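J.: Sequence:
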Amino acid sequence: MVAIKTVAYLLVHPNQLRSIIQWKVWHDPVHSRNPEKESQTLRSCFKFLDMTSRSFSSVIQELTPELLVPVALFYLVLRGLDTIEDDMTIALDEKEPLLRSFDQILDKDGWTFDRNGPNEKDRELLVHFDDIITEFKLIKPAYQSIIKDITTKMGNGMADYANNAEHNVNGVNTIKDYELYCHYVAGLVGDGLTRLFVESKLANPALLKRPELSESMGQFLQKTNIIRDIREDYDDKRRFWPKEIWSKHVTKFDDLFDPNHRTEALACSSEMVLNSLKHAEECLFYLAGLKEQSVFNFAAIPQVMAIATLELVFQNPDIFTKIVKITKGDACQLMMECSQNLHTVCDIFKRYAQRIHKKNSPKDPNFLAISLECAKIEQFIESIFPSQDPKVLSLVAASQGGPVVDEKSKAEQAAANKDVMYLAFAVIATLGLISVLMIGAAWLAGARFDIAFAELRKGIFSPKTGEEAAAVVAQHDHGEL
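For this note's numbering, count along the sequence shown from 1 and bump the result up by 1.
I should point out that these hints are in silico values taken from the structure, not numbers from a laboratory. Nothing here was measured: the structure is a model prediction, and the numbers come from that model. Check before you lean on any hint, since a few could be wrong.
Unchecked claim - Using C-beta positions, here's what the derived DEER-type ranges look like:
1) Lys177 to Lys138: 35 to 45 Å
2) Ser40 to Ala442: 47 to 57 Å
3) Ala442 to Lys38: 21 to 31 Å
4) Phe386 to Lys138: 38 to 48 Å
For every residue, glycine included, the Cβ atom is placed at its ideal position computed from N, Cα and C.
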């Protein structure tokens, strides 16, 4: 049923299909891993990487060989830590020491953990965690030190929250608490990745002097996910939207999901979006400090997905009733665009900031603040990549006695025409193949194409049924005798 819905959707939205085909056919990774040269334990690590996160797995596996294994192991170590923290079947007196000492576990050969609940989706990672430890000990000591340090900080932060009875019952209280939580689960990841990038000499060392930049990278992603996943978290009895924000709009947190309070709920969600948007400029500034293309792609792809998701959830009542995600076609289009350079990433941020500004309603109490934030993003991008005014270009061209030519537009149009041609050829070829297969199957089943062609030659285009059909067949066969 899902496949049929997907096919029907793509048929109605050919641009989505075009983006998916373009990504599948034309995407050329900067680097590709070679499983044949990997040890059995390393292949096991990548298997668990695929199992725990398909989205992150794909971008990690296109990283430069210098960072491929360290970043993959960094992700798996933190995923193992998160799997323990998330499991409510583990008693607190067992969970807390595990979280606080998880960095030390990385030194224990053969360590595994099989006491997760049966429904914990990533429990197999911990059951075979000895493979991660084996490969961890083979990477450079500098990388090991960074991963251990972040694991220590994140584990202690998770343990503090696990011990916080008020948080477990009532959720996040203040905006400060909200940002501290996002720091522990995402900001620290940004810090660790930045240190890995700089250690490998693939990022500007100045990024280490501006820790707020990597912090914003993590905060932007985590806050966007928290906004998007509001319904799923509510069903799981988790509250990450801070009371300091939602209490301005509704009396009880449950009211956000009551259709009678939909206006107030949307106003609350717009304030959450506003809180996330303030990180956009620092994210773009951070990306400018990355030197290598695969590292840039790795960092940029999640960020453009985040800004697109913010636009999708903004003023969208569906987030309170179901999980909302950007389409696969849009995701493929975004990945193709952003896997180029900072300019294309800025174009994406500018485009979605403009869409958010367009959706912004004067009736929303955050209307002015959101408009200003969107304008700040556009102004920041304009300061880096000044746009070319067509009127100015016309005056310059006229003064030089030449025609006004927008080379970028011409190139984009030529590429679009080429894509349309390839897509049309693919569709025609597919329809032709399906037609041949169907005709062949009909012939094998006994279809009489000779009678059909004879009827067409007589000018009869509607097929006969029942006794009339039998009479036509008998007359044709009798005529042959």
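J.: None of the hints should be skipped; say for each whether it holds.
T.: We went through each hint and held it up to the structure:
1. Lys177 to Lys138: 35 to 45 Å: Once the Cβ atoms are compared, 39 Å apart, the range 35 to 45 Å for lysine 138 and lysine 177 holds.
2. Ser40 to Ala442: 47 to 57 Å: holds (48 Å)
3. Ala442 to Lys38: 21 to 31 Å: violated (45 Å)
4. Phe386 to Lys138: 38 to 48 Å: Check passed, 45 Å falls within 38 to 48 Å.
Of the numbered hints listed earlier, the single one contradicted by the structure is hint 3.
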